[in-house]
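Colleague: Sequence:
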Amino acid sequence: MTDRLSVLPDTLNDFARGDLSLTDLARNWRDAAHDHEPALPQRYIDVLERLLNQLESAALFTEESCSFSQADMIAALSDWLGRAQALQPSA
1 MTDRLSVLPD TLNDFARGDL SLTDLARNWR DAAHDHEPAL PQRYIDVLER LLNQLESAAL
61 FTEESCSFSQ ADMIAALSDW LGRAQALQPS A
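If you're matching positions, the sequence shown starts at 1 in this note's numbering and goes up one per residue.
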C-alpha cells in the first residue's frame, strides 16, 4: 500500500501561501492520484482532472472575469481529497 494522498494537504497550504506554483500543485496532485495504492476508481481520477483543469484555466483570467474563484477550487480539491481518503481501507 502506497499512500500518496496524505501529503496533499500540505501542498494546498503551500499553494495558498504562494510557496508552490499552480503547475507544481497540479503535478503533485495528478502524480499522487495516479500512483496511489490501492488505485483510486477512475471516476475519482476524472473528477480530479476536471478540477485541476478548471484551476489551471482560471489562472489565465483575472478573478473578476472568471466564473469560479481560486478559493472555491481549492475547497473543491480539499473536498475531493477527503472523499478519496475515505475510500481507503482502515489499517
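Be aware that one or more of the hints could be misleading.
[Unchecked claim] Label pairs and their computed distance ranges (CB to CB):
1. Asp19 / Ser69: 16 to 24 Å
2. Arg30 / Gln88: 12 to 20 Å
3. Leu87 / Leu60: 30 to 38 Å
4. Gln42 / Asp79: 17 to 25 Å
5. Asp24 / Arg50: 30 to 38 Å
I should point out that these hints are in silico values taken from the structure, not numbers from a laboratory. Glycine residues also receive a C-beta, built at the ideal position from the N, C-alpha and C atoms.
Colleague: For each hint, tell me whether it holds in the structure or not.
Modeller: Cross-check of the supplied hints:
Between Asp19 and Ser69, the C-beta spacing of about 20 Å keeps the proposed range 16 to 24 Å intact. A beta carbon spacing of about 19 Å between Arg30 and Gln88 agrees with the range 12 to 20 Å that was offered as a hint. Leu87 and Leu60 have their C-beta atoms about 32 Å apart, which keeps the hinted 30 to 38 Å range intact. The given range of 17 to 25 Å is respected by Gln42 and Asp79, whose C-beta atoms sit roughly 19 Å from each other.
Hint check: Asp24 to Arg50, Cβ distance near 19 Å, so the stated range 30 to 38 Å is violated.
When the structure is compared with the earlier hints, a violation turns up for hint 5 alone.
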